[in-house]
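Asker: Residue strings, one per chain:
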Amino acid sequence: MSLSLTRRVLKGALGPPANDSRFLLDPHRRDLPGEDTMARYPDSEEVDLCVVGAGAGGSVLAQRLARQGWKVVVLEAGPFWHPDEDWVSDEAGSHHLYWTQKRIIGGADPIEMGKNNSGRGVGGSMVHYAGYCPRFHPSDFATRTLDGVGADWPLSYDELRPHYELVERELPVAGQDWPWPEPHSYPYSPHPVSQAASVLWQGALKLGIQMRVGPVGITNGVFGNRPHCIYRGYCLQGCKVNAKASPYVTHLPDALAHGVEVRAGCMASRVELDESGRARGVVYLREDDPATPRLQRAKVVAVACYSIETPRLLLNSASPSFPNGLCNNEDQVGRYVMVQGASQTAGRFPEELRMYKAPPPEISSEDFYETDESRGFARGFSIQTVSPLPIGWAEHVLADGHWGRALREYMRDYNHWTTVGVLNELLPLPENRVTLAEEKDQYGLPVARFDYSQCDNDRANIEYSTRVITDILQAAGAQDILTIHRYAHLIGGARMGTSPDNSVVDAHQRTWAVPNLYLADGSVCPTQGSANPALTIMALASRLAEHLGGRRPG
Amino acid sequence: MAGFLRRARGAAGKAVDLSSGHHLPNLRPGKQPPDPSWLPRQRRGTTPQMVGRYPDYDVFDARDTWDEATTRVVEERMAVESGGPLSFFREDEAATLRAFCDTCTAQDSDPRVPVAELVDQKLAKGQLDGYQYYDMPDDRDTWHLVLAGLDEVARSRYGKEGFGALDAEAREALVGQLAAGALSSASLDRLNVKRAWSVCMRMILSAFYSHPFAWNEIGFGGPAYPRGYMRLGPVSTREPFERPGATSEDPVRVAPELEG
Chain A
1 MSLSLTRRVL
11 KGALGPPAND
21 SRFLLDPHRR
31 DLPGEDTMAR
41 YPDSEEVDLC
51 VVGAGAGGSV
61 LAQRLARQGW
71 KVVVLEAGPF
81 WHPDEDWVSD
91 EAGSHHLYWT
101 QKRIIGGADP
111 IEMGKNNSGR
121 GVGGSMVHYA
131 GYCPRFHPSD
141 FATRTLDGVG
151 ADWPLSYDEL
161 RPHYELVERE
171 LPVAGQDWPW
181 PEPHSYPYSP
191 HPVSQAASVL
201 WQGALKLGIQ
211 MRVGPVGITN
221 GVFGNRPHCI
231 YRGYCLQGCK
241 VNAKASPYVT
251 HLPDALAHGV
261 EVRAGCMASR
271 VELDESGRAR
281 GVVYLREDDP
291 ATPRLQRAKV
301 VAVACYSIET
311 PRLLLNSASP
321 SFPNGLCNNE
331 DQVGRYVMVQ
341 GASQTAGRFP
351 EELRMYKAPP
361 PEISSEDFYE
371 TDESRGFARG
381 FSIQTVSPLP
391 IGWAEHVLAD
401 GHWGRALREY
411 MRDYNHWTTV
421 GVLNELLPLP
431 ENRVTLAEEK
441 DQYGLPVARF
451 DYSQCDNDRA
461 NIEYSTRVIT
471 DILQAAGAQD
481 ILTIHRYAHL
491 IGGARMGTSP
501 DNSVVDAHQR
511 TWAVPNLYLA
521 DGSVCPTQGS
531 ANPALTIMAL
541 ASRLAEHLGG
551 RRPG
Chain B
1 MAGFLRRARG
11 AAGKAVDLSS
21 GHHLPNLRPG
31 KQPPDPSWLP
41 RQRRGTTPQM
51 VGRYPDYDVF
61 DARDTWDEAT
71 TRVVEERMAV
81 ESGGPLSFFR
91 EDEAATLRAF
101 CDTCTAQDSD
111 PRVPVAELVD
121 QKLAKGQLDG
131 YQYYDMPDDR
141 DTWHLVLAGL
151 DEVARSRYGK
161 EGFGALDAEA
171 REALVGQLAA
181 GALSSASLDR
191 LNVKRAWSVC
201 MRMILSAFYS
211 HPFAWNEIGF
221 GGPAYPRGYM
231 RLGPVSTREP
241 FERPGATSED
251 PVRVAPELEG
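Chains A and B supply the protein sequences, listed in that same order.
The numbering used here numbers the first residue of the first sequence as 1 and each following residue consecutively.
The numbering used here numbers the first residue of the second sequence as 1 and each following residue consecutively.
Because the hints were derived from the structure by calculation, they are not lab data.
Heads up, a few of these hints could be off.
Here are the computed distance ranges between Cβ atoms for each label pair [to be verified]: (1) A:Arg467 - B:Leu27: 51 to 61 Å; (2) A:Glu182 - B:Asn192: 24 to 34 Å; (3) B:Lys194 - A:Ala318: 49 to 59 Å; (4) B:Glu81 - A:Pro323: 53 to 63 Å; (5) A:Gly221 - B:Leu27: 41 to 51 Å; (6) A:Gly401 - B:Pro111: 22 to 32 Å.
Every residue, glycine too, gets a C-beta built ideally from N, C-alpha and C.
Same shape as in the complex, but just chain A (with noise of 0.2 Å):
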């Protein structure tokens, strides 16, 4: 039997190799095993590489090259979560789990940041994202060349490809047997559907739309001490379970017991480059002495702070030899941010659904994926059913324009409601980017600016788009329909490409500017296709990985 043949058969009962977390967790307790016994590094010793970031990037390049005997230290700006006694199963107690942090938000479409986007702490915004983990499609890598809008990656599907496979199992992805972009399986079968979910699809199927259970980071069954996902429909809240991936669960616990330390509460502050212009370590704050910077040496820096943060810090690593920013002769950095469209619509439904159970991401489709001449438009959009709390509904009949006494109305009405959304592939702009604003935060530093607008395209795309999922509803039968434009995930900031005037990187990572500085996030993405990004940035992140010194995976 192949060995794809036997994962097929065996679904879960294979574990992915060279990673132990799902045996170093705990079955009772929700801390990461190994904070009291890891390792501690004094910054005066050169570490092997020096993270800032402790989410799925920069989580997953030190538990790669830690498991090599690399000697590494992550800088986490948020807490060292105990989620025991700091997470909740309630929504408006989560509110520390986001980057609230100010960021000066302008354009012609700002995005609003925080809650949706951006994460703190140990874990990065995993913790708090949904679940859903599709990859990117191989056409994502070529836009410019297949659709003239965007642009090409210096690396293809193909080359990411064992990656994804890798990563699918360390999370591990719950799923049904897929159809986008190519064929493939799941380590684990596809969770149960819940009514909600199950309406939205009946309707999708009346218009020949295809969708699929999946895929999730989430357990369906136990992974090693990981149980069963409970559905309790807190995914956005943080899992308590432990049955939702991030990698506080998936690669932080293997990490630790490697030899890395995680050291939280500590604010980056620059990257510092020695005379020959290699970088020398990083420059941070500690939240509980922020009077005194300290400098962490270290003979690689991987910067993985995600499309805001990463190019905060570079910009606020200015020196005389790139009074711009760090990496910015060229004005390439925080460049091309992208978000992608999420518009929600709602539907009423005679029988209660109660679609608060239930893991959020439940279903989804890729057929409008790929470009459709006809649409009017380049690029696509894909369908997910998502599921919003309490607040979060109330957030989507606001939108709708309803305040008090009908909004009440249609509060009080919440269990009969389902709802689906859309990512839109937004189309990479230069002049969408991010800035130093004049503001200053609690440590002193600048914070971020980020401007955003859409083009045409994007505007058709998201109209398209939004018809599409209402279509759905009315074919499910809904008796009335509740809209929200909204966005959602970052990605870009910090391309790769193939010259320094046109990214930040090359196709390894590695900056154009600084032979050992490395960025390991999603900054680097020069497009966003319409998947969720975290898969992919894991994906690159190993693939990092491999190149400075892992294993092939396999």
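With chain A's structure known, arrange chain B on it following the hints.
Answerer: Below, chain B without anything else, positioned relative to chain A:
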């Protein structure tokens, strides 16, 4: 006793068939909801104004299945009293703040969700949302300016000393204009009014629907760890501790006037 009975029966004869959806504002003339008197009085848990759709449901019935950390957060919220002390807002802002929060959430009597007090607490702690529009001040300043603006309009247009002194109809009219970005005054002209509305409503809605009273009103299952949910459908979507939605309708007298 007669009064009590009348209250308990609520709006007998004024009810609608829930499955039809004819109570939904978008499906009604003027997009206005029916008067809440069509709703049943709450029999078990507490809801805002004691109206709701799940008269025999109390989210606290499942409290023994909540984890400690979540219970602590919910209990702290329950300890905040409507009409209680304010620390972020000034005393001279209190009446306007409370009237504004009441109008935005249609709370016209006790028991109330302490929206003003919860908003005050959040602003006092500096718990903001992580962004600020380039053409707007800090959220905290926005709140002061919005309240001042409502008072200014109440004075100039109605000759009252403040927004809190207006009757319900006038308050709703002003808030409707604020929502549409169509309200103007010295303080409001310093803001992008539509964005100011969104800043305030984000906090108001987060406060209202974080409260167990509101969960009872809408039949939301509430905190769910470590218990989780088992009834995902299709046979049933209701857990043993959850209660079906109900109205106080007399089945013989389902009111055709609400459907027309």
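Asker: Okay, which hints does this one fail, numbers in order?
Answerer: Failing hints, ascending: 1, 2, 3.
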